[in-house]
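Please work from the sequences and hints to get the whole structure.
Chains A and B supply the protein sequences, listed in that same order. When we follow our numbering, the leftmost residue of the first sequence carries the number 1, and every step to the right adds one. When we follow our numbering, the leftmost residue of the second sequence carries the number 1, and every step to the right adds one.
All the given hints hold, so there is nothing to weed out.
As the list makes no split between identical chains, a pair holds if one copy fits it or if it spans any two.
List of simulated lysine-lysine pairs, DSSO-like, C-alpha gap at most 27 Å:
| hint | residue 1 | residue 2 |
| --- | --- | --- |
| 1 | Lys-138 | Lys-485 |
| 2 | Lys-201 | Lys-39 |
| 3 | Lys-33 | Lys-201 |
| 4 | Lys-485 | Lys-2 |
| 5 | Lys-289 | Lys-249 |
| 6 | Lys-311 | Lys-289 |
The set of hints was computed from the structure by calculation and includes no laboratory data. These numbers come from a predicted model, not from an experiment.
Residues per chain are reported as follows:
Number of protein chains: 2
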Amino acid sequence: MKNAIGREIPERIGSREIVGFQGAFATLREGRKVPRYQKGAPQNEDKVLPSIEAAIDATGLSDGMTISFHHSFRDGDLVINQVLDACAKKGLKDLRLLPTALFPAHAGVIDHIKAGVVSRIDGSMNGPVGAFVSQGGKLSEPTVLRSHGGRWRAVEAGDAEIDVAFISAPQADAYGNATGIKGKTPCGSISFVAVDAQYAKKTVVVTSDLAPYPVHPMEIQQGWVDYVVVVDEIGDPENIASGTLRLTKSPTRLLIARLTTDAVVHSGYFVDEFSFQGGAGGISLAATKYLGDEMEKAGIVGSFGMGGGTKMLVGLLQRGLIRTILDGQAFDLDAVRSLRENPAHVMIDPGLYANYDSRGCATYKLDTAFLGATEVDLDFNVNVNTHSDGVLLHGIGGHQDVAAGASMTMITIPTLRGRIPVIVNSVTTVTTPGEVVDVIVTERGLAVNPKRGDLKERFLAAGLPIRELADIKAEVDEMIQPVRKPVFGDEIIAAIEWRDGTVIDVVRKVEGFE
Amino acid sequence: MKNAIGREIPERIGSREIVGFQGAFATLREGRKVPRYQKGAPQNEDKVLPSIEAAIDATGLSDGMTISFHHSFRDGDLVINQVLDACAKKGLKDLRLLPTALFPAHAGVIDHIKAGVVSRIDGSMNGPVGAFVSQGGKLSEPTVLRSHGGRWRAVEAGDAEIDVAFISAPQADAYGNATGIKGKTPCGSISFVAVDAQYAKKTVVVTSDLAPYPVHPMEIQQGWVDYVVVVDEIGDPENIASGTLRLTKSPTRLLIARLTTDAVVHSGYFVDEFSFQGGAGGISLAATKYLGDEMEKAGIVGSFGMGGGTKMLVGLLQRGLIRTILDGQAFDLDAVRSLRENPAHVMIDPGLYANYDSRGCATYKLDTAFLGATEVDLDFNVNVNTHSDGVLLHGIGGHQDVAAGASMTMITIPTLRGRIPVIVNSVTTVTTPGEVVDVIVTERGLAVNPKRGDLKERFLAAGLPIRELADIKAEVDEMIQPVRKPVFGDEIIAAIEWRDGTVIDVVRKVEGFE
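Right under this line is the structure:
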């Protein structure tokens with residue numbers, strides 16, 4: 001069957017029946033889903049266990065079960081590997097992983113897949129695990145990729161059932177209260193898995209800093225936690241920011257950031273109480289910097305900025321250019337420090353941020369957002385999951401959630417990466433549909449989605465370099481050799497869920513190249 | 001049938017089947033209960049309505065439905081009356097109220113009962129409404145009284161279904177984020193009804209201070225809120241502390257506070273990381289003061305104090321005598337200010353505080369607590385709901401939750417109130433069973449529950465005036481005329497639930513006196 005944007009979707013993927021994407025807000029609904037998993041406990045129970053192995057025994061973790069993790073340490077995480085190694089040692093087989101995201105640090109998962117310890121993964125697989133899985137035939141069921149808000153929704157809706165949640169916690173007390181902003185190796189909020197802790201049958205907090213009761217703030221609450229395990233190391237905070245958090249020096253990227261900022265300034269949204277989200281990419285960081293300078297110049301005070309929390313965003317708060325930061329995950333240690341010290345730097349969980357099945361998301365209050373892409377196409381569809389070679393290398397993150405929410409969604413991209421064009425006729429994989437994308441900003445000019453004639457008029461009046469997307473594409477295509485396209489097999493490697501649980505696209509096995 | 005402490009309980013009360021009390025921790029269970037009520041929403045929906053009447057229309061509130069409220073303004077609340085007056089004006093009938101508590105300020109509810117607007121009340125009825133209901137024949141079903149933790153549990157378990165939650169919020173934004181610690185008339189945390197907002201079919205925030213997005217902290221989150229109504233006044237914070245928050249000058253009560261403190265000091269619990277809960281009564285406040293002085297003298301730093309937050313507790317935090325305050329409700333404006341300014345003054349909701357169906361409550365971490373009583377009996381059972389005249393005048397509050405949780409639960413009482421003895425053969429109503437009561441402190445000496453021989457030994461070694469409860473009772477009874485006892489009719493006015501949902505006692509209509 002074809003979904004609403006014309007992508008071919010099977011009726012079933014593995015054991016799951018599929019509903020195709022119908023539109024960004026086409027499936028609004030109300031009612032009751034799945035109850036939280038609750039357990040009564042006697043007075044002042046001792047929850048501390050001596051090791052991850054002991055926690056595996058105590059939770060009754062066994063073959064075929066689902067275990068979950070958060071990614072707040074990003075490429076610095078040391079817990080997923082420790083847990084999987086312990087599972088392997090115990091002889092466990094056929095586990096399903098439900099991480100919020102895997103990173104290159106988790107390349108060891110590949111060996112556990114080969115050994116049959118892990119047979120399914122639902123969650124983002126950034127880097128080597130994604131590349132490995134893209135070869136096909138590695139997992140017993142296709143991966144399901146979900147946005148931050150989509151994963152929260154799926155757990156609440158019973159679409160992603162968890163047997164045991166393993167939660168790495170920079171600081172925890174013996175009763176299970178845990179935070180990510182204190183301890184020996186703070187990483188920022190760990191509330192990504194607050195939903196896991198509430199819906200999983202068993203919850204294990206893994207910490208390197210067991211502190212006196214009561215640890216606070218309590219992203220993870222004692223009432224949700226069965227066991228607490230103390231280990232030597234849970235993560236390396238120096239690698240939280242791996243690879244993303246550099247201010248770009250590329251003239252092309254700085255030009256894109258400049259054009260992005262100019263567009264915001266002339267968008268009509270640039271007034272007091274203005275709000276925006278920038279990510280941790282080089283263009284985004286530069287645009288955030290430029291935007292702060294423009295706000296200062298214009299005397300505008302924004303209501304809130306969202307992130308990933310970054311030093312750049314913290315700077316705007318400290319300069320009084322925004323009143324609030326809403327922070328779902330920290331991208332650097334400046335953000336972690338600010339979370340501890342500044343009450344206007346507010347931790348939020350992905351439910352508040354972006355849960356489709358809620359009466360309103362923080363992303364819905366965004367005036368504008370700068371987001372990246374691996375590809376965009378002439379329908380303004382955006383791909384962030386695969387590259388043009390078809391290999392699944394990235395997760396969705398908050399891309400869908402922010403694009404659907406922001407009044408003006410801007411995709412900031414260079415037209416070429418190496419010799420590979422970024423604007424294509426049809427993206428290899430649709431992550432985010434064109435209906436929620438308003439402006440594409442390149443170093444060769446800005447393209448405005450035809451449904452936003454209002455924006456185009458404003459931009460033209462301001463003298464911004466507005467062009468047709470097809471023209472930019474043609475100009476680029478003339479400069480380069482045609483790219484060899486991947487040849488896909490039948491096997492579906494991954495389903496890309498829209499944030500409401502419908503399937504917007506699938507990723508197939510790469511069999512070779514044209 | 002008789003329950004585990006020998007109280008006669010019917011098998012049904014009104015439309016409810018009853019399970020009798022089986023023991024303080026006899027019904028621990030695990031599993032899934034009732035799902036939260038969720039609703040999807042389009043991007044940046046407008047939630048502001050012009051009036052409470054408009055909210056009644058928008059929510060579809062109709063005859064026979066259940067509406068809920070919090071009591072964080074205590075006797076200063078102005079919202080319940082406004083909502084009920086609007087319901088009456090709309091001609092609504094047969095509503096069930098599910099307040100966390102009613103106070104004398106809500107005497108107007110009596111007229112709404114007489115007019116048929118309100119036909120059921122599940123929740124504490126402090127003062128005139130309780131006295132009115134005690135006359136019998138006023139409500140279509142008996143009231144159910146629950147502890148703070150018990151009410152939270154009941155909503156999550158589906159034992160108390162809510163159609164519309166009306167949440168008074170000292171500050172809210174137009175998207176529904178709301179807090180009780182800011183705004184024109186702050187009252188302290190409003191998280192008592194965070195569970196209502198998540199489980200009710202519709203949620204309405206009623207605020208007198210509509211502030212720019214995003215209002216934080218977010219005791220109530222945008223994702224749970226359907227509508228926001230702005231009214232002139234929601235409460236008078238000067239009446240939050242009504243009647244409770246005075247340091248006693250009574251020599252008898254000061255003596256009890258002194259003995260309580262001496263008992264704590266010699267209990268074995270008085271070491272570093274010590275924790276305690278004191279309430280807002282005169283004895284409790286004095287004991288908190290004395291205890292602080294003892295901690296300072298001994299060089300002991302406590303892990304946490306719980307309250308109601310009071311100036312007295314805030315003082316201990318400021319003096320460095322406790323590391324943390326866990327605060328479920330503020331009893332004065334000093335506590336509200338501290339909540340805003342001191343990150344070690346931590347807001348908690350009743351779920352974290354005391355939910356029986358959770359993997360651990362904050363009350364379970366208490367070393368000791370000082371609690372009050374209207375009566376105690378020779379089995380150490382405690383009554384806080386009725387007086388010896390049988391009239392239902394008080395709610396349970398956190399009494400059961402704290403008594404069940406604390407390692408040493410102390411009931412601090414004068415032996416006489418006016419000419420009425422407080423120690424009786426059998427309490428008129430059992431709120432809290434003797435099995436979770438350790439020490440009764442009176443001005444005539446301390447009585448230790450026989451199961452706590454360890455405490456008795458320590459107290460005797462310290463030279464504290466330890467006596468048998470029966471001896472104290474006999475001494476008092478000799479001094480006074482026998483009290484005329486109430487004669488009860490058959491009609492059940494109220495069921496007293498233990499915190500697990502079982503029924504520990506019932507309150508019957510008072511027909512006259514012996």
